[in-house]
Each structure stands twice: as structure tokens, then as C-alpha cells.
Amino acid sequence: MSKFNVLEHEIVPEHHLVPVEEEESVLSRLNVTKDDLPKIGINDPTIKALEEIHGKLDPGRIIKIIRKSPTAGYYEYYRVIVKSVI
Amino acid sequence: MMSLIWRDTKKNIELISENLPCSYAVEYMPVTSIDIGYISTDKQNIDYEVKISEVSKYEPADDIIQKRKTGLKAILKIESIRKIDRTPISEFKMEKGFKELTSFALGEKFHVEYREKEEFKMSDDALSVMEDAESRGYSIPVSLAYKLVKYKKSLPSDKYEKLLKRVDLELKKREIDPFEAVGIIAAQSIGEPGTQMTMRTFHFAGVVEMNVTLGLPRLIEIVDARRIPSTPSMTIYLTERYKNNEEKVKELIKSLENTTIIDVADIITDVGEMSLTIKLDKNKSRDRLVSMGDLLSALEKKKGIIYNQVDDESIAIKLQQESFKVLYQKQEELKTTPIKGVSKISRAIGRVDPKEGAWVIYTQGSNLREVLNIEGVDATRTTTNDIIEIENVFGIEAARNAIYREAENTLSEQGLNVDKRHLMLVADMMTFSGAVRAVGRQGISGRKSSVLARAAFEITSKHLLKAGLLGEVDPLAGVAENIIVGQPITLGTGAIDLVYKGNKK
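Listed in order, the protein sequences are those of chains X and C.
The first sequence: position 81 = 80 (numbering that gives the first Met the number 0), numbered continuously.
The second sequence: position 440 = 439 (numbering that gives the first Met the number 0), numbered continuously.
It cannot be assumed that every hint is accurate.
What the hints assert, rightly or not - Computed cross-link-like contacts, EDC-like style, restricted to lysine to aspartate or glutamate with a CA-CA straight-line distance of at most 20 Å: (1) C:K242 with X:E9; (2) X:K47 with C:E117; (3) X:K67 with C:D418; (4) C:K116 with X:E51; (5) C:K334 with C:E312; (6) X:K47 with C:E115.
No lab work stands behind these hints: they were computed from the structure.
When you get a sec, could you build the whole thing from the sequences and use the hints?
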């Protein structure tokens with residue numbers, strides 16, 4: 000956790016928590032299981048910042064990231080929270 | 000709101016929690032207007048929060064818990080104690096800026112308001128274009144939807160339909176085929192222009208020269224995910240109030256540069272007298288805006304020395320324990336004693352950036368976490384070229400953006416035109432696991448799931464031996480392992496399997 004809101008930095012794209020009810024539809028739209036999604040560590044500064052807003056987040060929750068792309072404008076990316084990353 | 004932070008033993012904490020509410024005698028006298036205290040059991044982290052209702056002078060009594068046996072000065076009336084999540088001491092703004100807790104300190108907990116960025120919403124026009132295209136069975140990216148807005152308004156509907164059809168066709172033509180080996184294409188597309196890059200690193204254009212690694216060495220550094228780049232450097236943007244005020248910028252630059260005693264003074268060792276003399280260099284100290292007072296306050300924190308100001312230029316230092324070994328040690332220690340500045344930042348220069356139209360500070364050395372908390376620094380834009388540091392401070396997504404940005408800048412600086420998508424693929428692969436991984440044996444290639452693919456890459460015997468010991472299974476799903484066993488590879492047409500769904504009767 001940093002002393003200022005990391006989510007506000009220019010280089011950090013939008014991070015949003017996907018509600019548990021919507022997880023199913025996200026996974027079926029992408030045609031993957033949770034294990035196939037890219038990962039994000041529970042100790043990631045952005046997750047710590049999201050925890051300040053939403054309360055404690057458990058591994059397994061899905062984070063929606065809206066990335067700015069030089070080719071496609073904007074697009075969505077998903078990451079699943081994991082306990083530890085390597 | 001100031002609060003009290005102190006260090007204590009587990010035993011004392013237990014005693015307090017058993018006898019709540021209680022009076023607790025401590026060996027220091029804090030200012031009286033305190034109602035929250037924090038206890039640390041080690042020097043770096045805070046574990047407990049206590050509510051203090053009263054602070055009074057120490058007077059011996061029976062029902063007092065003593066922190067230690069002698070030298071008690073004050074009594075804290077403790078109402079409650081609660082274990083909190085481990086927070087590092089750096090999260091507290093201390094009255095005196097220091098990083099380690101010695102006995103007690105007054106500090107303030109940072110209060111940061113956290114909120115999410117507002118979710119990106121397309122403009123209504125673009126959204127209607129997108130929905131319209133989707134209902135006709137075409138899928139288009141967001142950037143195209145924005146471009147199509149004006150045509151949707153101006154063109155008659157049959158022509159617009161034709162346009163959409165054409166756009167869709169062109170998009171499909173440019174799509175990568177299923178099971179195309181995009182990694183190989185990206186590797187070659189970055190690798191070929193890479194051979195034309197000069198190995199030369201050239202200089203930073205500007206008033207003051209500053210070296211920054213560029214070209215092939217920098218590109219290798221990026222994909223290798225080095226812990227510390229060879230020339231870490233920061234670009235510091237300033238807030239509204241600072242960015243056009245030259246005087247304030249100059250002041251900020253001086254406060255950034257890490258100044259040690261050796262930078263502004265000479266240290267003379269007298270072996271016969273067993274003493275050291277620090278002689279302030281007038282020119283150097285004026286340059287770095289260091290006064291005698293700064294020097295003295297830097298010496299204040301040093302242990303084992305007795306210092307004495309002789310005149311306004313020199314300080315005599317005697318040792319508490321006289322020996323040649325200690326003399327030498329102290330001399331070396333004094334050389335690197337910081338007077339002011341941010342650690343790791345060795346140099347900072349300011350320039351009026353033409354694009355920005357305002358002052359921007361460039362530094363040699365990088366310390367993102369500390370610089371972001373300095374007043375006057377625009378914390379939402381300031382960045383560094385150290386990718387690992389970005390990962391630690393801003394998270395994995397920011398690191399992904401940093402990899403892309405750095406690689407793109409390095410290549411375009413050399414006049415090479417590599418398609419953005421290749422670089423994005425590299426950045427995505429490097430950050431897939433949630434941490435920045437290098438491309439190579441330590442990272443992506445070394446962690447493939449297939450044994451044979453790993454063995455074919457590097458250190459064959461190690462991988463085969465380990466796989467044999469652990470009984471690993473290789474499903475032969477990748478390219479390298481299928482070449483080894485002599486089967487068609489799983490790319491292009493080779494990736495297609497015949498599936499027979501039998502009649503369910």
C-alpha cells in the first residue's frame with residue numbers, strides 16, 4: 000500500500016472488481032475457466048487499493064481492467080486474484 | 000492528529016491486554032494531547048493500536064504496569080488495545096523523518112482517500128454505432144466506432160451498410176488466423192530491426208548531460224526484467240503551483256539530490272591525534288545549498304563520536320573509543336553519511352520541456368516511493384524507467400504498460416518501426432503470471448509446462464532428470480515436443496483434430 004491512491008496514476012489502467020454474480024457470464028463469454036485467466040497477486044498495490052474500497056478481497060475474485068490501447072481504443076482484460084505470484 | 004508510536008516487548012503487551020483499562024508507565028514524556036498510540040514489536044512494523052485517555056506525570060503507585068524498572072517519566076492511561084494488520088512504519092508521517100523506530104516517536108497515520116477511476120464509457124454516438132454494428136453481425140473495436148460516428152450521420156443508410164461491410168471485411172483480412180504462431184512472428188519482427196540497432200549509447204540532449212542507456216542494451220535490459228537497470232532515471236512532473244516557478248523548482252531539485260558529507264566537505268584524518276576534521280568546501284556547499292547547520296544535524300544522529308565546531312568551516316571529531324580500526328571505520332562511515340536528499344538519487348536536473356511548456360525534473364537514480372510523497376511532485380504522472388520499481392509501487396498492470404512504453408520508446412528512438420502489437424504481446428506474456436518475468440531460461444521459457452520443450456531450450460539434462468524423478472507427464476501439446484517425437488506440430492492446419500460425436504441413441 001502506498002501513501003497515495005495508486006489507482007489515480009496515469010500509468011495504471013482502470014481496475015474494477017467484478018461482482019460474484021457476474022463472474023459466470025464473464026467466464027462463459029471468454030470460454031475459459033478461472034485458472035486460465037491471467038493472474039494478479041493479492042499483494043499487488045492495486046488490489047490493496049481496491050481493498051480499501053470494497054473490503055477484504057479473497058483469492059479467486061476477478062478484476063476487470065479497462066486498458067487503453069493504441070490500436071483498439073479501449074478494451075477489457077481480466078485477471079484473477081491469486082495468493083502468490085511467481 | 001498526532002499519535003504516539005513506541006516499541007515494546009510482547010510480554011508488556013500481554014500484561015496490558017490482561018489488565019484493561021490500566022495505567023502504564025513509560026520512560027519518556029510525550030506531549031499530552033494524544034489519544035491513540037501504536038505499538039511496534041520490531042523496529043519496522045506496527046502491530047497494535049491502543050486508546051489512551053490520559054497522560055500524566057509519573058508517580059509511583061501500586062496498580063501501575065511498568066514498561067521497565069528505572070527512568071520512568073510518564074503514565075499513559077490505556078483504555079483498550081487491539082491487534083491490527085501489520086503496517087510498516089513508513090506508512091506513518093513522522094515528526095522527525097526517520098525510517099527505524101528507536102524508542103518512541105510522534106507520528107501521524109497517512110489518510111488517503113481511495114476511489115476507483117470512473118469506468119470508461121463510450122460516448123452515446125459511438126455506443127450506438129457499436130450496437131448498430133453488432134446487431135448487423137459485425138464486431139468492431141472501440142477506436143473504429145469513434146471514427147464511424149460521422150459517417151453514420153452523413154451517409155444514407157444503404158451506403159453506410161456498405162461501409163460497415165467493407166470495414167468488417169478489411170478487419171477480417173487483417174485478423175490473425177487461428178493457430179498462427181504469433182510468438183515467432185513477434186520474435187522475428189522485434190529481432191530483425193534489433194540487429195540494426197547501434198550498440199552505442201548516446202547522450203541526453205539538454206543543458207546538463209545525463210547518460211541513459213539506449214538501443215540494444217536497453218532493449219535487452221527490458222526483456223530480461225533486470226532488477227536494477229544500468230541507468231535508472233526518473234521523470235518528475237510538477238504540480239500546478241510549482242511547474243512555472245523557477246525558484247521553487249531549483250529548490251526542489253536541491254532537496255532531491257542525495258548529498259553526503261564527502262560531496263560538500265573534506266574529511267581529514269589525523270592518526271597521531273586520533274581525530275577527524277571535517278572541512279566544509281565553500282563552493283561545493285553553496286552549490287548544493289548545504290549549510291553548517293545541516294552538517295551538524297546530520298552528525299547528531301551518529302553514534303560513537305564527539306563533535307565540536309571549531310569555526311564556521313570545520314568540525315573537529317573525537318572518538319569515544321580510541322583505536323585505529325574505529326578511526327578508519329568512522330572515517331568511511333562519515334563519507335557516506337547523508338545530509339539531505341532522497342536516497343539513491345544522485346543527480347537531478349530541471350528543464351523546460353517544450354511539449355509540456357513547464358519545468359520537468361529528470362534524475363539519475365530512481366526512488367519512486369519516496370519521490371511521490373514530496374510536496375510539489377505530481378504523483379499522478381511522475382514515473383521511472385525502472386520496470387521492477389513500477390511493479391512494486393503501482394502493480395502489475397502498470398508494469399505491463401511500462402514494458403510496452405519503454406520498448407516502444409527504445410525502438411522508435413533508433414528510428415525503427417516495429418508494430419505495436421508485437422510489443423504488446425511481449426508485455427502481456429511477461430506479466431501474465433502476475434509478476435514481471437524475464438523472457439528466457441529464468442522466466443517464460445523456463446517455466447513452460449512441457450518437459451520436452453524445456454529440455455529442448457536449455458540445460459537439457461537437468462530438466463529431463465528432474466522430470467524423471469518427479470514422474471512428470473508431457474501431453475505433447477506444444478510445438479517443440481512434437482518436433483522431437485516426429486509428429487505434425489500443433490500450428491496452423493496441424494492443430495486441427497477430428498472430433499466424432501457419435502449418435503446419442
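In rising order, the numbers of the hints this structure does not comply with: Violated hints: none at all, because every hint is consistent with the structure.
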